[in-house]
Amino acid sequence: MASDDLQAPADPSGTDPGHETDPLTLEGPTLTLRYATQDDAGRLFELAGDPQVTRWFSWGPYRDPQQPRSYIESLAGKRDRGELLDFLVVHRQDGPIGVTGLSELARRDGRATVGTWFAAPWWGSGANRESKAMLAALAFWRLGVNRLTAWANVDNTRSQAALEGVGFQREGVLRAWHRHGDAIHDVYVFGLLRDEWSSSPLADVPVKIGGTPPPAWLLD
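Just so you know, we're using UniProt numbering here: the sequence shown kicks off at 1 and counts up by one.
Treat the hints loosely; a few may be bogus.
Per label pair, the in silico range of CB-to-CB distance [said to hold, decoys possible]:
(1) Gly181 / Asp94: 29 to 35 Å
(2) Pro206 / Gly95: 38 to 44 Å
(3) Asp39 / Arg170: 35 to 41 Å
(4) Pro29 / His180: 32 to 38 Å
(5) Arg81 / Pro61: 37 to 43 Å
(6) Pro206 / Glu171: 17 to 23 Å
(7) Arg179 / Arg108: 40 to 46 Å
(8) Leu174 / Asp80: 25 to 31 Å
Think of the hints as simulated: they come from the structure by calculation, not from any bench. Everything numeric in this text was worked out from a predicted model, so none of it was measured. Just so it is clear, CB atoms sit at the ideal spot from N, CA and C, and this is done for glycine as well.
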C-alpha cells in the first residue's frame, strides 16, 4: 500500500535538476530511504568495512575512507543517466543500516534490478521486507516498471530465502554470471512482476513516497 504526496511529475525528456533539490524520500513503518550525502561517508565506511557484509559482492570490504566518499560523489550523475538509483536505508532510531536501490534499467522492456545490503546485526530483522516494499512501491506504482529482477549467489542461501520470503519467484540459474574476487560464480535469478506485487507480502507494508523522481527513471 502506497501513498504519494507528489505534485506534477518531472518531464522525462528534460534536464531540470529539480529532482535533486526535491529528492525522493520513501518512508515505511520503521525505515526511511533517502539519498546518501557526504555526511554519511563515515557510517558507510563502518558498515561496508565488515567482510561478512561484502562477502558476496564484486567490491569491498571498504579499507580506505575515500571509497565511500567516491561512491557517494558518483550517485547524482548515475541517477541522472538512469544507471543507478541507490538509497541509504535509515532506521529512525539507529540511523543508517545499509543500502538498497535499482540498477540495470531497461526502458523498452520496463524492467530493473534490485539490490540490497545490510549491516550484519540487521539480517533477519524485517528490514529487508520493509525496504523492498518501499522499492517495489516506487518501481511499480511511481516509475512504471513492469518487472523487478534480483539475483543471489548459488551458495548464498540466506539471500535466496530472503527474496522468496517477500514474494520473488526463483526462475533459474545464470551460469558464470558474477565475478567475486578472482572467481566467476553462478547465481539464481529471481523475479517479481507488477501484477504479482499486489498479492505479495510487500504490498501489505504501508509506504509513503515523497519528492521528485529523476527523469531518467520515469517509464510511464
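Item to complete: Could you check the hint for me, namely that Pro206 and Gly95 are 38 to 44 Å apart, CB to CB?
Response: violated, 22 Å
Fill in: Pairwise beta carbon distance, Pro29 to His180, judged against the given window 32 to 38 Å
holds, 34 Å
Worksheet item: In this structure, is the beta-carbon distance linking Arg179 and Arg108 contained in 40 to 46 Å?
Response: violated, 27 Å
Discussion item. Is 17 to 23 Å respected by the C-beta to C-beta distance linking Pro206 and Glu171?
Written reply: Check failed, 29 Å falls outside 17 to 23 Å.
Item to complete: Go ahead and decide if the range 35 to 41 Å is satisfied by the Cβ distance of Asp39 to Arg170.
Response: holds, 39 Å
Worksheet item: Taking the beta carbons of Leu174 and Asp80, is their distance inside 25 to 31 Å?
Response: holds, 29 Å
Worksheet item: Holds or violated: 37 to 43 Å for the Cβ distance of Arg81 and Pro61?
Response: Violated - the Cβ-Cβ distance for Arg81 and Pro61, about 27 Å, lies outside 37 to 43 Å.
Worksheet item: Between Gly181 and Asp94, is the Cβ distance one that fits in 29 to 35 Å?
Response: At roughly 31 Å between Cβ atoms, Asp94 and Gly181 fall inside 29 to 35 Å, so the hint holds.
Violated hints, listed in ascending order, are 2, 5, 6, 7; each of the other numbered hints is respected by the structure.
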